[in-house]
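10 protein chains.
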Amino acid sequence: MDRNDVTRKIIAAKVRNRMRWADIAEKIGESKEWTTAAMLGQMTLTLKQAEVARELFGLTDEETAWLQIVPYKGSLPTAVPTDPLIYRWYEIVNVYGTTIKELIHEEFGDGIMSAIDFSMDIQREPDPKGDRVNVVLSGKFLPYKTY
Amino acid sequence: MDRNDVTRKIIAAKVRNRMRWADIAEKIGESKEWTTAAMLGQMTLTLKQAEVARELFGLTDEETAWLQIVPYKGSLPTAVPTDPLIYRWYEIVNVYGTTIKELIHEEFGDGIMSAIDFSMDIQREPDPKGDRVNVVLSGKFLPYKTY
Amino acid sequence: MDRNDVTRKIIAAKVRNRMRWADIAEKIGESKEWTTAAMLGQMTLTLKQAEVARELFGLTDEETAWLQIVPYKGSLPTAVPTDPLIYRWYEIVNVYGTTIKELIHEEFGDGIMSAIDFSMDIQREPDPKGDRVNVVLSGKFLPYKTY
Amino acid sequence: MDRNDVTRKIIAAKVRNRMRWADIAEKIGESKEWTTAAMLGQMTLTLKQAEVARELFGLTDEETAWLQIVPYKGSLPTAVPTDPLIYRWYEIVNVYGTTIKELIHEEFGDGIMSAIDFSMDIQREPDPKGDRVNVVLSGKFLPYKTY
Amino acid sequence: MDRNDVTRKIIAAKVRNRMRWADIAEKIGESKEWTTAAMLGQMTLTLKQAEVARELFGLTDEETAWLQIVPYKGSLPTAVPTDPLIYRWYEIVNVYGTTIKELIHEEFGDGIMSAIDFSMDIQREPDPKGDRVNVVLSGKFLPYKTY
Amino acid sequence: MDRNDVTRKIIAAKVRNRMRWADIAEKIGESKEWTTAAMLGQMTLTLKQAEVARELFGLTDEETAWLQIVPYKGSLPTAVPTDPLIYRWYEIVNVYGTTIKELIHEEFGDGIMSAIDFSMDIQREPDPKGDRVNVVLSGKFLPYKTY
Amino acid sequence: MDRNDVTRKIIAAKVRNRMRWADIAEKIGESKEWTTAAMLGQMTLTLKQAEVARELFGLTDEETAWLQIVPYKGSLPTAVPTDPLIYRWYEIVNVYGTTIKELIHEEFGDGIMSAIDFSMDIQREPDPKGDRVNVVLSGKFLPYKTY
Amino acid sequence: MDRNDVTRKIIAAKVRNRMRWADIAEKIGESKEWTTAAMLGQMTLTLKQAEVARELFGLTDEETAWLQIVPYKGSLPTAVPTDPLIYRWYEIVNVYGTTIKELIHEEFGDGIMSAIDFSMDIQREPDPKGDRVNVVLSGKFLPYKTY
Amino acid sequence: MDRNDVTRKIIAAKVRNRMRWADIAEKIGESKEWTTAAMLGQMTLTLKQAEVARELFGLTDEETAWLQIVPYKGSLPTAVPTDPLIYRWYEIVNVYGTTIKELIHEEFGDGIMSAIDFSMDIQREPDPKGDRVNVVLSGKFLPYKTY
Amino acid sequence: MDRNDVTRKIIAAKVRNRMRWADIAEKIGESKEWTTAAMLGQMTLTLKQAEVARELFGLTDEETAWLQIVPYKGSLPTAVPTDPLIYRWYEIVNVYGTTIKELIHEEFGDGIMSAIDFSMDIQREPDPKGDRVNVVLSGKFLPYKTY
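Going down the list, the protein sequences come from chains A, B, C, D, E, F, G, H, I and J. All residue numbers for the first sequence refer to this note's numbering, where the first residue is 73 and numbers rise by one. All residue numbers for the second sequence refer to this note's numbering, where the first residue is 73 and numbers rise by one. All residue numbers for the third sequence refer to this note's numbering, where the first residue is 73 and numbers rise by one. All residue numbers for the fourth sequence refer to this note's numbering, where the first residue is 73 and numbers rise by one. All residue numbers for the fifth sequence refer to this note's numbering, where the first residue is 73 and numbers rise by one. All residue numbers for the sixth sequence refer to this note's numbering, where the first residue is 73 and numbers rise by one. All residue numbers for the seventh sequence refer to this note's numbering, where the first residue is 73 and numbers rise by one. All residue numbers for the eighth sequence refer to this note's numbering, where the first residue is 73 and numbers rise by one. All residue numbers for the ninth sequence refer to this note's numbering, where the first residue is 73 and numbers rise by one. All residue numbers for the tenth sequence refer to this note's numbering, where the first residue is 73 and numbers rise by one.
It is possible that some hints are incorrect.
Quick list of in silico lysine-lysine cross-link-like pairs, DSBU-like style, CA-CA up to 30 Å [stated by the list, open to error]:
no., chain 1, residue 1, chain 2, residue 2
1, E, LYS212, D, LYS120
2, D, LYS99, F, LYS86
3, F, LYS201, D, LYS86
4, G, LYS217, H, LYS212
5, I, LYS217, H, LYS212
6, F, LYS120, E, LYS201
7, F, LYS217, G, LYS201
8, A, LYS201, C, LYS81
9, G, LYS212, H, LYS217
10, F, LYS120, E, LYS212
11, B, LYS217, C, LYS81
12, A, LYS201, B, LYS86
13, H, LYS212, I, LYS201
14, B, LYS86, D, LYS99
15, G, LYS201, H, LYS120
16, H, LYS217, I, LYS217
17, F, LYS217, E, LYS86
18, G, LYS201, F, LYS86
19, B, LYS86, D, LYS201
20, E, LYS86, C, LYS81
21, A, LYS217, I, LYS217
22, C, LYS120, A, LYS81
23, G, LYS86, H, LYS217
24, H, LYS120, H, LYS86
25, C, LYS201, F, LYS201
26, G, LYS120, H, LYS86
27, G, LYS120, E, LYS81
Note that these hints are calculated values from the structure, not bench results.
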């Protein structure tokens, strides 16, 4: 058994019981973005969060223990994702990657936007021409320093 | 000569003259995000915008014509980017890809967030623990339909 | 259990019972193109469609639930397909890709032909020199806009 | 000098002179789809067609000779295309590939749709909800035979 | 169960019973080349051929049904084959590929040698300096046409 | 300068002067298959053959010397060829690879068909249903031995 | 069941019983290099050798039959090996590959060193500065010929 | 200018002047194997050796300086070599890789055969059935240790 | 059963029993770095160490035997690691790789830093601005020699 | 012109003038590790540092400007490095990657060791059994947080 087995079990339970990520997140006590990532095997739960998950998905002791272990991260089966929704994000990185780089460097100098000290918020943005997906990404700027 | 040659010439002129993307965008009359992407060879300029670019970067007639032709898009030299700043974005897609997919589907059903009817806004978010990069992505939701 | 397991079960039932996609589509109530894609794990069924599928293929409750969940799309095992019929389509994209790009841009400007707001119709076209496969693809044009 | 050099020269001349593929095709005397593919280095011209191209793009004798030589085909720089318009076609092959295979086999038996005895027609389809790109592909069915 | 399972079962039965492809082909009633390809999961059998296979390899009803379904073709586990015998064929394509292209085009013009309307015959050619493998490939020439 | 430069020069001269491989082969004194492969940079010429090539293509002393040096072989730009004619050969290896392996082993035991002690003959085979390309490959069988 | 299953069973038996390849080879009656390759699924055994293997590893009838079938060769899970010992050999090919090519061609002309009519001998070479691995490779030279 | 430019110049001079590696090695004062690798850009020359090379190949001061700089090693253009002679070596690593690993570990325990403290000797081995290439590889065994 | 199965069992036991690598290392009697690598399937244990592991993780005789066999090394599922922590190390190699090469060569001449005669020490380095990971790598320098 | 051109010019000047990185670093006023990375195109120089570089390497105004622009980082030509010295570092990541991950997580919890707030120190460590390369890596620990 490894974390992937626990993830598969969680997803199957969620499908079977027609649960929603937003509701699960409320019970876990974190944002729906972090909670979903955690349930999909990308984040580490505290003891208390893992106990909630145990209840929600009917996990065993060993499965609950796995949720508290730092996982081997990476949720995609191929380097270039084939799923159209996820591909569009890869395309944004591909088309706008050098633009993002230029503008962050222009504002902050050499360094990166952290993907660790990072949060994400996904919301529906009503629009008469068709609703939009609005995503806010916030990452700490980490400067390269000389030494 | 192709669009890549024009891109290289624009970047070299910008470096030589120590120009800023924000200033260039103001002259082009679009956001700094769109303008930078356009100057880096990813977007198509109108005649008027191309004329501004001609002035700013000292382009020839042929180079100015290239800016008005739809380019072959894709700004990265490798499928997995090696540059740390751009890689962090690829990492976000890799770690959070299935999370983004789940949450957009939970809210909107089957479909995608458009990378075409799309805009991006990158801002500095002051923070006493270290300033943050704040990025807002807005893409129209496009539903899959049965037929 | 995941969607792939349901797809494999559907295909096996179809082989065993020597069913036809056209007949299945009629029962599902959608075109044969959409229905086949859905049965092969690429589309999301409504509750009612899933119930029809349950009947047709002898699915369990959990399997029927999976059909109503948005799947991770992508039906090919390798980036370049090895199957000769599917490869010919990849070859068309490879040989004619830049041509398609030029002609759509010439007619519509910068943007794409949607693969989401999209439909496909495959028909036999009788021809004395050998019947032909006639395929009509229809996708909404989505323009890039400045912002 | 090789065919790629001729292609680059033709594209540059077209950009410089702001020509349209439809007009070029009319002069060459073939469809705009075949003509564009030919000008982009994928098809072989007859002596007469090559002479027209020589006039249109100001080619030398050697360049005109190259147009009459069968080219090494394949117009994309990477196995998975990065350009969003062309990627959507790759995505169609990826998502619908097995569907296309099933339906052609159901109608015709084992074999392929030819990408050689093949034609393509790209048209604007007016639509109040947004115009559509309508593409008709026609390829001869070639059956596998036993021997 | 899918076609690969049937292929594995056929190969295991052949190994266990020490059968020869030439004998199997005689019973199937086709050439040893086509028959072997079919048994290895690359070709589609008629009802009658499938019944012979059922007898020969002790197949179930479902397995026999799979033999009559068009398979997803491609018999190699990697894009560049590692097996020395098969690699030599890949090497011939790699070293002689452009030569084959030039000579077929010189004789026939632009087009391809069909791999569908195709047959192969493999024979031992006695030779005092060491017997040779003699292979005859015959494929219909399919010309590219203008349209 | 290296062998690729000489190959490019030879091809350009052939295109410019509209020569045929068959005629070139006659002057070189070898088969059209070997001669074409040699001119395309895959084989090594003798002093005498190189002198004929010098005459035919107007080569310099250094270029003529390169023809007599064993080249780094491999004529394709990508591991999976994109050109449709050459791809069909790759497809034959992919679809029939395991078949070829089985039949050669059945006849000869463990070993390979040499791609070095090898010859190829490409001929037009007239056929009322459309002429065929007939290719004979002959390679010495080389057995694996125990030691 | 296929040859890989037999290989895994042989390795497991060897580990469990703490056998040595040199002893196994003595019983098989061939060199330790050939025998190890054969036990690892790369070579074909005679009936008599397979019977010895049956005894040594407790194989079934079917497993013993598999040892006498020519296997699909290639023992590495990735194109570039990750195991440090095997990587060093890949590194030798990478660093010295063109050197080996030049020196064999200088001595023998165009052709190859056979990997089929080939033997290998691995020995410990005592050395006061640290013992060395001494490997002798012997392969027949096979010349390319004109035809 | 970099080391690759010097390598190309050396090879071109060798071709033009029809020199032999064995003679060059004698003048450099090292084995033909090391010398060829060095001339092909894989090894670092001493000042004295570089002076000999300057004489032999007519190098400039800067080119001579490059020969004394440690090069970025790796002589092959692709991860899997396409040249038949070099491929056979890759094939040996692929087919015999796990065998070599097993036998070295059986004799020496866990560790590697060095590719740095390493030498190679390539000789012609006369044989009435066809001369053989005999290669002796000698590498220090380096044990993994616990710590 | 192979070494991977043993590794999976060890990890599962460690998760279930919430053990620490540092404690395991103390019992094994080696550093925490070597011990962890060994438990993760990268190193070979002595009989005595394997017996300790048997006790700690409840292994069978056969599993204990596997720990004493040299494993096929390489702990990552993809050539470019997707896990953010491990990727940062790959990034260091990518960004600083040529720097490391230059500085080691400047100090030592041509050669490598051994990854076999190698040790690693990972420590927490307290820092008021945020604790740091401090890693010391020590590898013997191995010089290339002429021969 | 881009940063790669400046890097090539700097390296060529260093080779021609036989300079040492340690001396260059002293003049730039930073560690030899940071300075070498900067000169090899991986870091951004201040105006003052760039002026020193201009003097040292005879750079033009434009070249000096490029040194102050944040570069597209990544110093290796292939995803898996071919150079033996750099490969050994990739091997350490491959063999010890999961070990490093486990031990950092055991000490710090979920998060990463920064490759941005990072420094490296490479020293010769004298050793009677052969001098060693001693490398100290220091990176800030960055924890994943819930949100």
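A quick look at each hint next to the structure:
no. : hint                 : result
1   : E:LYS212 to D:LYS120 : holds (28 Å)
2   : D:LYS99 to F:LYS86   : holds (29 Å)
3   : F:LYS201 to D:LYS86  : violated (42 Å)
4   : G:LYS217 to H:LYS212 : violated (39 Å)
5   : I:LYS217 to H:LYS212 : holds (12 Å)
6   : F:LYS120 to E:LYS201 : holds (28 Å)
7   : F:LYS217 to G:LYS201 : violated (37 Å)
8   : A:LYS201 to C:LYS81  : violated (41 Å)
9   : G:LYS212 to H:LYS217 : violated (39 Å)
10  : F:LYS120 to E:LYS212 : violated (38 Å)
11  : B:LYS217 to C:LYS81  : holds (25 Å)
12  : A:LYS201 to B:LYS86  : violated (38 Å)
13  : H:LYS212 to I:LYS201 : violated (47 Å)
14  : B:LYS86 to D:LYS99   : violated (42 Å)
15  : G:LYS201 to H:LYS120 : holds (28 Å)
16  : H:LYS217 to I:LYS217 : holds (24 Å)
17  : F:LYS217 to E:LYS86  : holds (25 Å)
18  : G:LYS201 to F:LYS86  : violated (60 Å)
19  : B:LYS86 to D:LYS201  : violated (42 Å)
20  : E:LYS86 to C:LYS81   : holds (28 Å)
21  : A:LYS217 to I:LYS217 : violated (38 Å)
22  : C:LYS120 to A:LYS81  : holds (26 Å)
23  : G:LYS86 to H:LYS217  : holds (25 Å)
24  : H:LYS120 to H:LYS86  : holds (20 Å)
25  : C:LYS201 to F:LYS201 : holds (11 Å)
26  : G:LYS120 to H:LYS86  : violated (54 Å)
27  : G:LYS120 to E:LYS81  : holds (26 Å)
Hint violations for this structure: numbers 3, 4, 7, 8, 9, 10, 12, 13, 14, 18, 19, 21 and 26, all remaining hints satisfied.
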